[in-house]
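**Q** So you can see what is in the structure, the chains are spelled out below.
2 protein chains.
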Amino acid sequence: MKYQKHVFICTNQKEAPKKSCGEAHGTELVNAFKEALKERGLHTTMRAQKTGCLDMCAFGPSLVVYPEGVFYGNVQLGDVDEIVESHLVNDTPVERLKLNF
Amino acid sequence: MKYQKHVFICTNQKEAPKKSCGEAHGTELVNAFKEALKERGLHTTMRAQKTGCLDMCAFGPSLVVYPEGVFYGNVQLGDVDEIVESHLVNDTPVERLKLNF
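Chains A and B, in that order, are what the protein sequence lines are. Just remember that this note's numbering sits 257 ahead of the position in the first sequence, which is counted from 1. Just remember that this note's numbering sits 257 ahead of the position in the second sequence, which is counted from 1.
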C-alpha cells in the first residue's frame with residue numbers, strides 16, 4: 258500500500274442555503290492535516306488531500322480515512338491533532354467524531 | 258465500511274507545460290465510472306468521485322481504489338469498464354494499468 262493512511266477531506270462548496278462542507282473550511286483542514294503530518298515526519302508515508310463531495314453534506318465538514326474507510330463529521334480545526342495522534346498514529350479512531358452507518 | 262469500493266479520480270489541472278491528470282479528462286472519467294456503477298446497480302454500495310492531486314502527476318490520468326489502495330495510471334475512458342468489471346466487481350486489479358511502488 259502506497260500510503261499507510263490516506264485522508265480525503267471534502268472541500269465541496271454548494272450554494273447557500275444548501276449545507277456543504279465548504280471550500281474555505283475544507284482547505285483549512287487540508288492545510289492543518291498536511292502540517293500535522295509534516296511536523297511528525299509522516300508526510301512520506303501518509304497523505305492528506307482535498308477531495309470532492311463525499312456525499313456526507315448533512316454531517317460536514319467531513320473526511321474519510323483509508324484504508325479503514327472511517328468517516329468523520331463536523332470536523333473542526335481543533336480536532337485535527339486528535340485525529341492525527343489517535344487515529345493516524347495510534348490506529349484508534351476518534352469515536353466522538355466518527356460517523357456510524 | 259460505508260463503501261465496498263471507493264474510487265477517487267484525480268481532476269487536478271496544472272498549467273502547461275506541467276503534466277497533470279487534467280480537469281476535463283478527469284471529469285469524463287468520473288462521469289464514466291458513475292454511469293458504469295449505476296448501470297450495474299452498484300451505485301449505492303460503491304462510489305466514484307473526483308479528487309485533488311494524488312501526487313501521481315507523471316503517471317496520469319490517475320486514480321486510486323480503496324480499501325485496497327490500488328493506484329492506476331494512464332487511465333483512458335476505454336479502460337473504465339475493464340476496471341469496473343475486473344477490479345470493482347471481481348476483485349481482480351487490472352495489472353496492465355496498475356502502478357507498482
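None of these hints come from the bench; they were simulated from the model. One thing to keep in mind: the hints can contain errors.
Identical chains share a label here; the pair holds if one copy fits it or two copies do between them.
Straight-line Cα separation of at most 20 Å, DMTMM-like style, residue types lysine to aspartate or glutamate; simulated pairs [unchecked claim]:
#, residue 1, residue 2
1, K275, D336
2, K275, E352
3, K295, D312
4, K271, D348
5, K271, D338
6, K276, E339
7, K259, E352
**Q** For each hint, tell me whether it holds in the structure or not.
**A** Each hint, compared with the structure:
1. K275 - D336: Classified as neither; 24 Å inside a copy, 35 Å across copies.
2. K275 - E352: neither (27 Å within a copy, 42 Å between copies)
3. K295 - D312: between (29 Å within a copy, 16 Å between copies)
4. K271 - D348: neither (33 Å within a copy, 34 Å between copies)
5. K271 - D338: neither (27 Å within a copy, 30 Å between copies)
6. K276 - E339: Classified as neither; 25 Å inside a copy, 36 Å across copies.
7. K259 - E352: between (26 Å within a copy, 16 Å between copies)
Comparing the model with each earlier hint shows violations of hints 1, 2, 4, 5, 6; every other hint is respected.
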